[in-house]
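Protein chains: 2
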Amino acid sequence: MNAPMMRLAETLALPQPYLLFLGDTTERGYAKTAFGLADWAADRCVGEYSVAGCTVSTGLPQRNPADAVAAGAKALVIGVANQGGLIGASWIAALVEAMEAGLDIVSGLHVRLASIPALAEASRRTGQRLIDVRTPPANLPIGNGRKRTGKRLLTVGTDCALGKKYTALALHRAFVARGLDADFRATGQTGIMIAGGGVPMDAVISDFEAGAAEMLSPDAAPDHWDVIEGQGSIFNPAYAAVSLGLLHGSQPDVFVVCHDPSRKVILGMESFALPSIEEVIDLTIRLGSRTNPAIRCTGVSLNTSSMTATDAYAYMTAEADRLGLPVADPIRGGASFDALVDSCLA
Amino acid sequence: MNAPMMRLAETLALPQPYLLFLGDTTERGYAKTAFGLADWAADRCVGEYSVAGCTVSTGLPQRNPADAVAAGAKALVIGVANQGGLIGASWIAALVEAMEAGLDIVSGLHVRLASIPALAEASRRTGQRLIDVRTPPANLPIGNGRKRTGKRLLTVGTDCALGKKYTALALHRAFVARGLDADFRATGQTGIMIAGGGVPMDAVISDFEAGAAEMLSPDAAPDHWDVIEGQGSIFNPAYAAVSLGLLHGSQPDVFVVCHDPSRKVILGMESFALPSIEEVIDLTIRLGSRTNPAIRCTGVSLNTSSMTATDAYAYMTAEADRLGLPVADPIRGGASFDALVDSCLA
Numbered sequence: 000m001n002a003p004m005m006r007l008a009e010t011l012a013l014p015q016p017y018l019l020f021l022g023d024t025t026e027r028g029y030a031k032t033a034f035g036l037a038d039w040a041a042d043r044c045v046g047e048y049s050v051a052g053c054t055v056s057t058g059l060p061q062r063n064p065a066d067a068v069a070a071g072a073k074a075l076v077i078g079v080a081n082q083g084g085l086i087g088a089s090w091i092a093a094l095v096e097a098m099e100a101g102l103d104i105v106s107g108l109h110v111r112l113a114s115i116p117a118l119a120e121a122s123r124r125t126g127q128r129l130i131d132v133r134t135p136p137a138n139l140p141i142g143n144g145r146k147r148t149g150k151r152l153l154t155v156g157t158d159c160a161l162g163k164k165y166t167a168l169a170l171h172r173a174f175v176a177r178g179l180d181a182d183f184r185a186t187g188q189t190g191i192m193i194a195g196g197g198v199p200m201d202a203v204i205s206d207f208e209a210g211a212a213e214m215l216s217p218d219a220a221p222d223h224w225d226v227i228e229g230q231g232s233i234f235n236p237a238y239a240a241v242s243l244g245l246l247h248g249s250q251p252d253v254f255v256v257c258h259d260p261s262r263k264v265i266l267g268m269e270s271f272a273l274p275s276i277e278e279v280i281d282l283t284i285r286l287g288s289r290t291n292p293a294i295r296c297t298g299v300s301l302n303t304s305s306m307t308a309t310d311a312y313a314y315m316t317a318e319a320d321r322l323g324l325p326v327a328d329p330i331r332g333g334a335s336f337d338a339l340v341d342s343c344l345a
Numbered sequence: 000m001n002a003p004m005m006r007l008a009e010t011l012a013l014p015q016p017y018l019l020f021l022g023d024t025t026e027r028g029y030a031k032t033a034f035g036l037a038d039w040a041a042d043r044c045v046g047e048y049s050v051a052g053c054t055v056s057t058g059l060p061q062r063n064p065a066d067a068v069a070a071g072a073k074a075l076v077i078g079v080a081n082q083g084g085l086i087g088a089s090w091i092a093a094l095v096e097a098m099e100a101g102l103d104i105v106s107g108l109h110v111r112l113a114s115i116p117a118l119a120e121a122s123r124r125t126g127q128r129l130i131d132v133r134t135p136p137a138n139l140p141i142g143n144g145r146k147r148t149g150k151r152l153l154t155v156g157t158d159c160a161l162g163k164k165y166t167a168l169a170l171h172r173a174f175v176a177r178g179l180d181a182d183f184r185a186t187g188q189t190g191i192m193i194a195g196g197g198v199p200m201d202a203v204i205s206d207f208e209a210g211a212a213e214m215l216s217p218d219a220a221p222d223h224w225d226v227i228e229g230q231g232s233i234f235n236p237a238y239a240a241v242s243l244g245l246l247h248g249s250q251p252d253v254f255v256v257c258h259d260p261s262r263k264v265i266l267g268m269e270s271f272a273l274p275s276i277e278e279v280i281d282l283t284i285r286l287g288s289r290t291n292p293a294i295r296c297t298g299v300s301l302n303t304s305s306m307t308a309t310d311a312y313a314y315m316t317a318e319a320d321r322l323g324l325p326v327a328d329p330i331r332g333g334a335s336f337d338a339l340v341d342s343c344l345a
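Line order of the protein sequences matches chains A and B.
Mapped onto numbering that gives the first Met the number 0, the consecutive letters of the first sequence carry residue numbers 0 to 345.
Mapped onto numbering that gives the first Met the number 0, the consecutive letters of the second sequence carry residue numbers 0 to 345.
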């Protein structure tokens, strides 16, 4: 972690290690917070916990709150997000149990933990804290469109929940490994929990969306890179407002398109076909050029978790030939990912 | 006013008549609330009031708060909005004076009136109310993209503050005059003050932006029209997120592009050229077709207030020939406006 992120982390002061809570989730796409923490902050996670009906797992040890406290956990992190960011009714008892065992509750959902009477009562009774990671900073500015110094990369997507955060984290890690001065800029609950700072872009009032993105990646040295976590998709009928405000305010020099080849429709919206990678490139350049006329696409990040390694590499090679761009899966890494990093830095 | 609007008005119960407050404003573009109320609710406005430095006027009688109360006023409405929606320091004394004279304060700004200690103290002392029109409804839904019944018109713009509300109000009035079943759907503070209801779209949390727009124009009879007030511009680097969420959630069948020929750059952003009308048509169709593939542009509404009548009509004729679309100034009305109404209903 670099200095600016550490300062933000001190402000948030999230209690660690975590116990990851999976609720009654049956779809991996809704558990991206838990999977992100397991992948990028596993050394600060003692295990996972769920309630009846849950069918997903991060692979971390399953522990109840008492066992987690014995293993050193300081907080239960709600690692799932259903549509609308609500707290499932079946989750309440588990969260109360966690507080009674001695854990704070950390949430990235829209709903405020303290607004749920049973949780507020348990917090008062046990002295454990209810921490909402998604509260945006106060006094966000209106966007001004001014060109800022330094270099910026934004991950964009054909939809939400298919790898934009992973891709940004992997690119940031690769940039740092090459000796570059780079910051990972988190825009969602999981990224903020991993980084210890950032702006929860989908919780920002829409009038301030671009201004919040401008604040997130301030003026920097000419050779400094901000690697900015994307949100949603400009093709998603529910979340495009978030994506466009982030695109305009980030004024990225380069962007990487994130895509899951196994997804054919927008998550949760069967009547909306996923856009093609080419459509995302074209519209991102058209919209992004409003605040950075030099914007360009430097590659594609594929989530090939549903494929065998052989199939995945064959598919990525074919897609790279078809698109004329580097194509990589950052989870698989390797030479194709190195080529994607080269392209971003070219 | 039609029945649904009256029901919303009863919920808000704004005290009327109004005294319009202009602050220390020097640019008409920032006083659009006051001008909107003077034009569309003049029978419910007793006059205007300002502080030192103000150079704009609605043309209504200038009255101080005591005179306004004597003339029947029940509330002072803050009729100006500077960038960011803040309360100017020089305004506080005037607002306290108004409460001491017996007026409630009605505001459409981002900042909550009660968060300003001097106003909160004066409210407690005088018993006058502080009413924030921009508080969005609770429990807004996430967008679902589902096609709704009924017909929808959205006004869009080359920028903010150049006639989208006026155009929607005028088209709604014309639709009703032709005997159609139509609702004006207000999306900003002034429209809500005029209509007595609506959703303040720029105050909505960005994740709910499209969902709020979906809620604003619900399923209706097949021949019912919702005439929806646009916000911002998809080309405005600060506010495009608001505009895109509203466009996606409104799923308009038709849209009218609003433009001010005297404006060459984005309001408050000298380095951003205004887009052309054709660019706005093209990008609105491209983005709007995501939720309504049948979307089409049915005309252009020009704000020709800076021109003589002769120049304005000559310009509108030339623009109509150039674009192949009806072009009208709803403030001037006349045959060209009738042609625009015909085009929207064709």
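In case anyone wonders, no lab produced these hints; they're calculated from the structure.
Careful: at least some of the hints might be erroneous.
Treat identical chains as interchangeable: a pair holds within one or across any two.
Said to hold, decoys possible - Under the rule of at most 20 angstroms between Cα atoms (straight-line distance), these lysine to any residue pairs were calculated in the SDA-like manner: (1) Lys146 with Pro221; (2) Lys263 with Ser288; (3) Lys146 with Leu266; (4) Lys263 with Asp252; (5) Lys146 with Glu269; (6) Lys146 with Gly101; (7) Lys73 with Gly46; (8) Lys73 with Gly332.
Remember, it's a predicted structure, so these values are computed and weren't measured experimentally.
Give me the numbers of the hints this structure contradicts, sorted from smallest to largest.
As far as the earlier hints go, 4, 6, 8 are violated by this structure, in ascending order.
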